[in-house]
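Work the whole structure out from these sequences, hints included.
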Amino acid sequence: MLGGELKNFVSTLRVLVDEAKLTVGPDGITSRAVDPANVAMYDLELSAAAFESYESSDGLLGVNLERFESVLKLAKKDDLVQVSFDTSTYKLLIVIDGVEFTMACIDPDSIRQEPEIPEMELPINLTVEGSQISRAVKAADMVSDHIGFRCVEADETVFIEAEGDTDDVSLRLIADEYESLDAADGRALFSLDYIKNISKKLPKTEDVTLTFGDQFPMLVDYEIADGECSVAAMVAPRIET
Amino acid sequence: MLGGELKNFVSTLRVLVDEAKLTVGPDGITSRAVDPANVAMYDLELSAAAFESYESSDGLLGVNLERFESVLKLAKKDDLVQVSFDTSTYKLLIVIDGVEFTMACIDPDSIRQEPEIPEMELPINLTVEGSQISRAVKAADMVSDHIGFRCVEADETVFIEAEGDTDDVSLRLIADEYESLDAADGRALFSLDYIKNISKKLPKTEDVTLTFGDQFPMLVDYEIADGECSVAAMVAPRIET
Amino acid sequence: MLGGELKNFVSTLRVLVDEAKLTVGPDGITSRAVDPANVAMYDLELSAAAFESYESSDGLLGVNLERFESVLKLAKKDDLVQVSFDTSTYKLLIVIDGVEFTMACIDPDSIRQEPEIPEMELPINLTVEGSQISRAVKAADMVSDHIGFRCVEADETVFIEAEGDTDDVSLRLIADEYESLDAADGRALFSLDYIKNISKKLPKTEDVTLTFGDQFPMLVDYEIADGECSVAAMVAPRIET
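Chains as they are written, first to last, in our numbering: chain Z, 60 to 300; chain Y, 60 to 300; chain E, 60 to 300.
Please note that a few of the clues may not be correct.
Since the list can't tell identical chains apart, any single copy or any two copies may satisfy a pair.
Simulated pairs of lysine-lysine, BS3-like, Cα-Cα distance not exceeding 30 angstroms [to be verified]: (1) K197 - K150; (2) K135 - K255; (3) K263 - K150; (4) K255 - K150; (5) K132 - K66; (6) K150 - K66.
Keep in mind the hints are simulated off the structure, nothing from the lab.
Written out as structure tokens, the structure is:
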């Protein structure tokens, strides 16, 4: 697999956790990571097709992401990275341009269990270039610790907005500026820290889909690794006072 | 107005102060900023012609420059930035590529008054590329906390020089290396911190004019915003012992 | 002499010491620097031919490298730097693009004496591109504080390897990947800090020669300044437990 894409996979999980359970199988690798405060979650599905060659039976690995990420720093963006798992020693073997790393895995049972996800009806669905969200998040960061996503159905418009003690900021997205919108009236407020970290990993020039509702959690969906890895983030809202 | 130019205007004032009074009027915006120790001063005159379109009645605004500067970070160099003032809410509205900031102004009376400037006769006038001054300042910084500007009339030469405990540094500017010189014998010594901060904002490849005299303040004059904003800095000398 | 090359000469010595004795003479400049713990040593020989023009009688100068290095920061890579020594004031005069620095020298007797170097038989001799060593050192740094160099005579192979508490790393260099090898069985272990600092100064795309033996010191030889400056580093091994 290309170094840049594997780095992206690992660093996305690292936004929320330092250790992760990877579920491996013949079709690829999946992982669900939930932050310690249970506010945000990532679901990643990395297809076998993302690899030059891939072979795996079913299994569960506990991986120290921090260590994995530091090993991957040795790989340039276009270096092929070779990863294999030795079931007898419970170690990962990572080969980057002739350098071999042997990395011990962690007992997956020692890693925090993810919570159950409730079923939700989220009526608002916005698809927009990742850079639009990043820009609004950067702007919000200048005035507040929170960020709101608000949809006005009649105007087919979404506002990403933040209110500080003295200053406010707002990005209005009208029809020309988004790819598609299922509109409904509603607004949800989020802790800026979580949105900021998620926003840093968004693809800049590719589409990102936000799904939210009035005072409900928000889903952020997009693809990485040339379409072969789907990323789904979910963030719990803050109660507005 | 272009983001890069407005950033330059605001960051120049920020060299000396965190809050500034902007005097607005039909012809443009002016501001005088003096540092808390009354050692250095900036006079900026930003012409209405620096803007794509400009309209203003006479008024006085108190602006938090730190906050203004951080908002402008969102603008790329060539982004158009739109600034308007709401006289009813006493707030600035800044629009950068679709993102709207609403920024509260400060009561101008709460900002420190600038002192009166005495009339001075400064016989030495040197016009030279900004990079020459920056280089000499960087060099001086390696050996001392002070920097001297000295003119020798007979040689039509200016020395920018610094003396440390064990090491010295000197840049000699002779006829070929400056644009023009009104020579007179004299030397003035300055605190390096102030000259260093002023030097960081100098245009590198454009002309800068230094006007000074024996043990007198120095004026540093140049233009930014494609000639539509004049900058005049003044620094008080240190008494030589 | 070119700024980039002189910076390289000074910063190589700076890896181990802050002050150095430079032995100057008609043929060039030599210096031997040993770190305070006597673990590593540099021998540099800078030929007179490295300079555009060079003239010197025999002498010994004590130089504050930290200060020298900071002065050289003013020089761009291709700036000519002019260095002369005033025997009456015991000061160096450094001229960089019109800026003159006068820098006091240090009494060479106040600088630590270098130890005697014992004669050694080192049977293994590997010549390889500098980047190969740098890569292995970076990888070792992720798992351990030590790094081993091991040669297997029968395979004509050298391993650069490190063992951590849970993770290991290894770079295997076989016939295609090095320039030349005098093979013998043996392994030597070194403190990673020293190897890391030496590795940072290695030329990336030029050949570097490693000479070592079983549990013996290692020599690292290469050239800088377009072949006009030879660098020889020596590092003492760590005893394996």
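Taking the hints in turn, this is what the structure says about them:
no.	hint	in the structure
1	K197 - K150	between (40 angstroms within a copy, 21 angstroms between copies)
2	K135 - K255	both (26 angstroms within a copy, 20 angstroms between copies)
3	K263 - K150	neither (35 angstroms within a copy, 32 angstroms between copies)
4	K255 - K150	between (34 angstroms within a copy, 27 angstroms between copies)
5	K132 - K66	both (8 angstroms within a copy, 28 angstroms between copies)
6	K150 - K66	within (19 angstroms within a copy, 44 angstroms between copies)
Hint 3 from the list above is the single one not met by this structure.
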